[in-house]
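A.B. asks: If you want the building blocks of each chain, they are given just below.
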Amino acid sequence: MSLAKRIIPCLDVDNGRVVKGVKFVDIRDAGDPVEIARRYDREGADEITFLDITATHDNRDTIVHVVEQVASEVFIPLTVGGGIRTLDDIRRMLNAGADKVGINSAAVSNPEFVREAAQRFGSQCIVVAMDAKKVSQPNEADRWEIFTHGGRKATGIEAIGWAKKMVDYGAGEILLTSMDRDGTREGFDLPLTRAISEAVTVPVIASGGVGGLDHLADGVIEGKADAVLAASIFHFAEYTIQQAKEHMASRGIEMRL
Amino acid sequence: MSSVAVIDYGMGNLHSIAKALQHAAPEVDVQIVADPDVILQADRVVFPGVGAIRDCMQALNQSGLSAVIRKVAKTKPLLGICLGMQALLTDSEENGSTQGLGIISGHVVHFSEPLTDHHGNHLKVPHMGWNQVRQMPHPLWRNIPQDSRFYFVHSYYAIPDDRSVVAATTEYPEAFSCALAQDNIFAVQFHPEKSQAVGLQLLNNFLHWDGQV
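Sequence lines, in order, name chains A and B. Per the working numbering, the first sequence starts with residue 1, numbered consecutively. Per the working numbering, the second sequence starts with residue 1, numbered consecutively.
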């Protein structure tokens, strides 16, 4: 009897459509986030995360409708990130049926926003998403810093201290993405994941770099992550979530099977 | 048609609970309500809640809904969820010390920190994710396999004075009471509305429960 580690598939949604090349065989509309969420739920996803990458503000309503639809038939925790900048943005997502929101660049530009959000809505629904990149040289002690704008913009903020600060401000969970690994399929940045997870009291979700099932297990065993997030290995139907969970369980990790 | 009222006191994600209740029993009339008369007329009542208990108790006391919940607790099936469970107890150590509704005698306490499991591994607080629930006999567990996993997210838990009201326990790492049953009241620390099939089954069981044990 113990708490299970979680697998969280992530859907990148642009103007209401899933992007990142989804190729499901038995889905009528391959880019429909509602159908994909339904499928992940059937396969045993522990939570689902939507990342809204819609560039224009006017089209932001589309993600609200997606969340509303998913929330009326999928009964597992739903997180929405991307473009969350005001208390009103959070309220709209929660009213649509999201359980948590991910705050990323708005936390960097105004850390007090995280505090206000946690006070208003409770820490349980505030996930601080942080994009970290290694800045130390190979002969130096490891140092990671926070980047924004998809890894293009340096902030100079040291990552471990930032994670602790965000927890002090009320973050209930940390979504940690390695910008060095994102999209590489080489696995999580395990030293980074472990350093953050051991530094904070709240759960840490590892993200960025998953290319195979062992990477998921490594994130938990070596990276000490409480949950693992992946997009492409599930989108391309290389593996089902059920297969991923069985593999992790076979490596001795407690899973909800 | 039977009806269920989800108490709206300005806190918590009422929409996901209402959607899950409707999905669990499409024939039931599900209402999100703040009006005491409507709550008292409903066949069953759900008392949800997330966030901090001081805000919760303030909202209940200011709106007069605490009296309504006390009345419901004596008359019809009542389901408390998460903070809605904790608020039923005598008091909570959250926010200094906060008086609860005192409907179930006992206290709400924080997980002791630092928390470690039996192998010395550091455990995170809040207790977040899917954990196993060890049931005691009660009609609300009908058709739910023993030790099923439900979704939790909380940093405080209830310790009832009378151990006979414990309807289920979960280990993190020590066993704590994750469900309480007292007469026509059932209360859970986890979120049935977010616990997929087993959660919907529990909601369905509640929506068909006559309040008898």
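Hints listed in this document are in silico derivations from the structure and should not be mistaken for laboratory results. Please note that a few of the clues may not be correct.
Stated by the list, open to error - Listed below are the simulated SDA-like cross-link pairs for lysine to any residue, each with C-alpha atoms no more than 20 Å apart in a straight line:
| no. | chain 1 | residue 1 | chain 2 | residue 2 |
| --- | --- | --- | --- | --- |
| 1 | A | Lys164 | B | His122 |
| 2 | A | Lys134 | A | Ile160 |
| 3 | B | Lys19 | A | Lys134 |
| 4 | A | Lys224 | B | His119 |
| 5 | B | Lys19 | A | Arg42 |
| 6 | A | Lys164 | B | Lys19 |
| 7 | A | Lys224 | B | His122 |
If you're wondering where the values come from, they're calculated on a predicted model, not measured in any experiment.
A.B. asks: Hint by hint, say whether it matches the structure.
C.D. replies: Do the hints match the structure? See the list:
1. A/Lys164 - B/His122: Holds - the C-alpha atoms of B/His122 and A/Lys164 are around 16 Å apart, at most 20 Å.
2. A/Lys134 - A/Ile160: holds, 12 Å
3. B/Lys19 - A/Lys134: violated, 43 Å
4. A/Lys224 - B/His119: OK: A/Lys224 and B/His119 at ~14 Å, within 20 Å.
5. B/Lys19 - A/Arg42: holds, 18 Å
6. A/Lys164 - B/Lys19: Violated. A/Lys164 to B/Lys19 sits at ~36 Å, over the 20 Å cutoff.
7. A/Lys224 - B/His122: Since the Cα atoms of A/Lys224 and B/His122 sit roughly 10 Å apart, the hinted pair holds (cutoff 20 Å).
Hint compliance for this structure: hints 3, 6 are broken, all remaining hints hold.
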